[in-house]
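If you read the sequences in order, they're chains A and B. Its first residue numbered -1, the first sequence is counted upward by one per residue in the numbering used here. Its first residue numbered 5, the second sequence is counted upward by one per residue in the numbering used here.
Worth flagging that the hints you see were computed from the coordinates, not collected in a lab. Since the structure is predicted, the reported quantities are computational estimates derived from the model, not experimental observations. One thing to keep in mind: the hints can contain errors.
Label pairs and their calculated CB-CB ranges [unchecked claim]:
hint, chain 1, residue 1, chain 2, residue 2, range
1, B, S458, A, R319, 48 to 58 Å
2, A, D171, B, A367, 24 to 34 Å
3, B, Q36, A, G382, 47 to 57 Å
Stretch by stretch, here's where chain A covers chain B in the computed footprint (C-beta under 8 Å, at least three residues) [said to hold, decoys possible]:
hint, stretch
4, 391 to 401
5, 406 to 419
6, 476 to 489
For glycine and all other residues, C-beta sits at the position ideal for the given N, C-alpha and C.
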Amino acid sequence: MLLRRSLNGAAISAPARPVAIDRCRTYGSELLPTLESLFDRIGGLGHLVKGKTVGVKLNLNLGPTNRQGHYPLGESHWPHPRLIAAMMHCMAKAGVHRIRLLESAWALRADPLEETLIEANWDLQLFVGAAARVDFENTNFLGSGTTYSRFPVSGGGLLFPAYDLNHSYQDCDVFVSIAKLKDHSTTGISLCMKNLFGMTPVTIYGSGAGVDEPSAIPSGWRVPILHNGERQPPKSSPPEIDPKSPRDDGYRVPRAVADLCAARPVHLSILDGISTMAGGQNPGMFGVEVVKPGFLAVGANVVNTAAVGMALMKYDPMADRGTAPFETCDNKLKLAEECGVGTRDLRRIETIGPPIQELAFDFRTLRAKREIRRKALQARLRIGERA
Amino acid sequence: MMPSWADCVPMRWPSGPLEIARREKGKDFSPQTRDTLQRWHDPASLDLLKGTRINCLLLSWAAGLPQDAEQQRTLAPLMECGRQAGLFFVAWIDGAPDKAAAIASARAAGCAAAAVEAYEGRTDLPLIAWGTRSKAPWDSAAPVIAVSENVWPCIARGAAGFRDTTAGATGMPWVDSNGWFLQMARARMRAENIWLLYDPLGGNTIEISESYRIAVADCLAYGGRWVIALDDRLRSGMVSKDPSATETWESIAGAVEFFEEHKDWRRYRPEGVVGVLSDFSGHNEDLSQEFLNLLFRRMLPYRVLDKSRVSNVAFDGLKEIVYLDEDALDDDLRQKTLAFVRNGGVLLAGSNWKSEGPVIPDAANPRFEVHRVGKGRLAVSKEEAIDPYLVAADAHLLLSHANDLVRFYNAGASTALYTTLPEGGRSLLQLVDYTTARKSGNEITVWLRRPYRSARLWQMGADSPLVLKKAPEVNGMEFYLPPIKSFAGLELE
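Here chain B stands alone, though its shape is the one from the complex (with noise of 0.2 Å):
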């Protein structure tokens, strides 16, 4: 029985006929490739999901080439094979074929979806909507959405490769993650699940099994699936049965396992003092997002606002909110925004917001003018091109470090996500660290502003969680972390 859509674990498996005619144009396409490629093909190439917790694959379906039928029709014994083993699939398709053909073949083979772009027509099969980024679907009803064109989680590497680190503007190696992508993807979608699409660097680039190890845990951390994809040389050493490739797939699958033993962590929601309040979109679609990713880079906790979707959502909680889009927000929603300012928030607003309430002298900023509106400020931009990153810290300055819900010390390379259940009670701190280095990392401090009366450290391998005592500090706590790898959630209670 096919498990809830919540429940589906993706892999792409890329093999047959139709891959090697999409594949074997291209620079890198060599012998071992079209020789990877058919055994992956083969059903006995199964075998390689044997006790792991992937249960639904991406079939290469109907690209609107010549090989869809031969593709399709050679598939069936791995297909058959798959569902005596618990499997299920979905038709990947893409490119240009007769869509309603496609899927109708889809459906006639026994697959469970299929994942199609912008289709409109009918159908009794469950379809996956995707879209690249800037066109996701959002609206989509499907019980899933995909998303494609996303980042390799990873330290943004240079042409020379890992030792080439690119040091951001903060400042720090900077960070290539799908996190801030997948907290804003949250507030928007009318799905309840979202897959993303993402392949290994490939070229010269040999993926270890930290780096994927930080693939999973860059999306399964964030609330979405990645869409498990592989890199050739390790598909080969896989069905070679390489121990290298063998160690990297089951360091691979028990990354896996261990978000899928911890499911009940999709349930907690993001906290946040700061509410960034966009359509994320069309115009607004650049300054926004990319403020989103800098926000997210500087480990400032925030709660995404979708314009379209946030006339009925409080702003409990919140003790600012950025509207930087150019666009005039609508009366009432502009009126509850400034309800929010006079009962004491920030307002951090894009240079066409008109100014009100008398300015305040102190509160001197090079790119914010500052007014005082009821109890709140209201920070309007001198500038009509805005900087992001400047803007995101100034963002975190105008609130003020003190209203801090968390703090890292010697963070590095790492992003967080800090939630809470919605009921309250217990929190959770996820950290994906995205060094690859396998000596240990650094020795993270938390502070904390809430009360928790302990700490449970998870890793990704250990049987069991570590306790940590805490440290009582100024206006809060400190947990003391071990050196983590890749990734480490911590439980609060």
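This is chain A alone, in the form it adopts within the complex (with noise of 0.2 Å):
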């Protein structure tokens, strides 16, 4: 894609998509009318999945027996299972001819994606019955494949040239992001591009991948060559491109997103807000809590969406780093932005629905309030210490 740039460097001529959002307070008998609603303002799903297979990334993150609190994984970090079923319905009735649920499952194992839904207290039949075909696969190893698929990413790429995917990422006509509105340690929010980071399986860029060849059983974390670059993949795959680039996941994480979204082009963004958490990405992180939105959202760029969702968070999707969500990483929108994915200019993308202020949940005086809290903990340990 051909980019013109302004003088600052932003790019003016990604794609700008329209963005439906409405108000959507709980995963009951509101539900499936909401989504159905703003599947309809975007264009339909009739020409986007009718016949076709469909791929959908989960933003399942961290074990299924980690929660927050007492709260079920789809009322805090996980997409609602509801949400996701009648996503499924909704594409059911357009005729879709498959949906592959994918999510590389925190596990140290090879375990089925399935396993790993049950442990989670969810019910299989719920999307099994949501659609003719329904097929679910753990991304983080080769799975039912038998090679990996590369993904080469479009412009070249700010981290790596390409990344190796289990091949459902590839085995799809139609690929749809459907994540949770959330702050994020390291990349500052966690919404529909950050979903896809977790594409990336661990037998390749995990701390258990091979030197040679990755690893035939996921293992490990992606801390040292996606977050800190203290290794390379297996050599099988392509090495990053600048070695001599900054080792801070905040320079790192935000281009691996940028790179991801351009890599592997995403049709349909569905972002859950009606119950999730703030203050990070996973239980049990300091403040974090869950908070009630009530919020859906549907596009069909990632980054459109995103930056809608940002602004439905109370953040400007134009914030450079250094100003909150990003205050110690680069804005992943801007990046993805650059590369031609699309833009983050609210004022390029159409917003059918209420007005964002009128559903805006404000995120940002809370992640204030947690940074004071912080702070002030800090300072009691730091006397504690010198006690």
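Join the two chains, each given in its own frame, into one complex according to the hints.
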């Protein structure tokens, strides 16, 4: 894709597609009609999914037995199972051929994704019954495939020139990212873009990856390769573009996310803001709390949808590093925009539904209050250490 | 009158010249230790037991040392005082004494029993057979067996102590627990009662009251008796009436009291849809026992099936049997096991098991080849060398979480035992939390498949149970537990 850049380097021709937003306070009876209406407002699903195989990246971070307090996973940091099922139902009505639910499940072994979902207390029948053909794949390793699929980053890439992923990300005609709206300790926020970071198999991008080849069984975490750049992926996969680039995860992870958004285009993004978490991406993190913003957002462009999602969190998608929520990291929306994936400029994105201000939930103020508490705690700890 | 052996609450009572002789060559021996051992030899030290449930003291009696005779002679005042207070005594005989003579002297001194290892002579004094884990007297007809070489239950600590916790293969902190061993012991022993011996870690480690409460719970929750053993610092503090030591001791006594008040819990029997079949000994000992340990750490309820005792035991209620022993099963047991599979069960077997039935191609597993046998599945290991961690996970996976009876969320460094009354109706879920941090614990959620009407949560130190609300969930129900400290017992009805 050709990019026109302004003098300050910002992409000004990145795609802008409508994003539909609306109030939805529960996962009960209002959920399905609201979602159907949102899909209609962006042009309906028929043209997108009819007769097609749809891959859905689920955003299931951390293990299935880690909860924020007693909250079921779908009310805190995983998309709610009823939202996923409602989405599948809408796709079935629109004539989808097959739906593949995908996640690099947090597991030290090659467990089928279904086992992770059952362990989370999710009812598989909810999904299996929602469409005619439904598959599940744990994409943290080869899964049911025989080789990994290579995804070159259009434009050459910011961190890696290409990523090797489970075949399921290639074996789909339409790709969907369904995610919670959350704060994130490394990238400021975690929405439909950051969800794609979880596509990377730890057999290649995890600490347990082989030196020459991917490991057979997933083990370890992504910190040494993707976050800190302490080591390279196996020789069988492309090494990073510039091994001398900063080893700071606030620099690296946003670039990896932007790369992945460019390498594996997303056709449909869905943001679950009905019930979610503020303060971090994982349960148990300092200051994390379950919040009930009570809205949904749907868009055809992953960056556009993330930008509207940020606005719904009362963050500015145009913010630069050093400004909330990007205090210690680069703005991945900006990076993706510069790669031509989509614009983050709200002036260019048509938002269909109630005004953003009417729906927005104030993650920003919660963030500021949490930061005050964190600093006070650190001060107390320092005093304690001196004493 | 002596209580039944089931009601004995034993405590090690190290004191006197024999203990001093044994300990004084050690590098940790100090004048303070000597003083403590002397003061615990004094009948006045028994005042420490007033108001507690402890009713049985294990006295250092004979070790084949010159001090044996003096020890036995000088214990007389303490024993006399103890008898008047309703205590009874077990003579602890170890080392290389003349066992027959030591037993005779214990009888003459009025001991209720003697604990002795591998004694085959005759005596009319009740004997408590004891041995190490690998030489545990499973076949002893004694009323009690005692087993040594157990672990001090705790989150595994590295050389740097508490802050250097060791991550286990599961990614969670590794927990040292005797729970799995007790579950195995209860399936293997002829005796009705089992006492476990384990001591505080010693060295520079200071055991706080929470550590001791865990030590009590780790044994009593899993059906054993801990022979209470205190560290030197605590025993010294107790006789000096140090407030901190007194508080710790009261906490230990409170924990013991708690379990005595719930002794009806001993009637409950383990639940589980996985049966682990083995002889658990000889060349199978390491693998089979580590497998139990790791299954236990996964909090997957299981039943122990001792190969030598299982011929008359039905596999009722089981959905999976794991048999990893090198030896082939005898024909009857093999047929019985295969019948279980044909009726829809899963058998996970070592590589020596002769494969049968067609391979199920979709049931791919890196370590097992899965065959269809009747209505069930036979999974045969592809590898001779079995990694018990991976196979424990495989056992859960091949069974599928869809067959879970219970699931835990945010359980962290906990272990659990799910039991039911033999006549049915009521269940009990016991959780031991090995976290010693004094701040509040995790918010644990428990999911249960069975539709219980009510749940009452007992915690140590609480006068009454907390009635929990149930939350209907997929294929079962959830109970939201408040933060627990050391132990929680969930009575389900």
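Each hint tested on the structure:
1. As the Cβ distance of B/S458 to A/R319 is approximately 55 Å, the hint placing it in 48 to 58 Å holds.
2. In this structure, A/D171 and B/A367 meet the distance hint of 24 to 34 Å, their C-beta atoms being roughly 29 Å apart.
3. Between B/Q36 and A/G382 the beta carbons are some 31 Å apart, a value that contradicts the proposed interval 47 to 57 Å.
4. For a cut-off of 8 Å, the count of residues in the stretch 391 to 401 of chain B with a CB near a CB of chain A stands at 3, and the three-residue condition holds.
5. Counting residues of the stretch 406 to 419 of chain B whose C-beta lies closer than 8 Å to any C-beta of chain A gives 7; at least three are required, and the coverage claim holds.
6. Closer than 8 Å: that is the beta-carbon criterion, and the stretch 476 to 489 of chain B has 5 residues meeting it against chain A, so the requirement of 3 holds.
Against the hints set out earlier in the document, a violation occurs for number 3 only.
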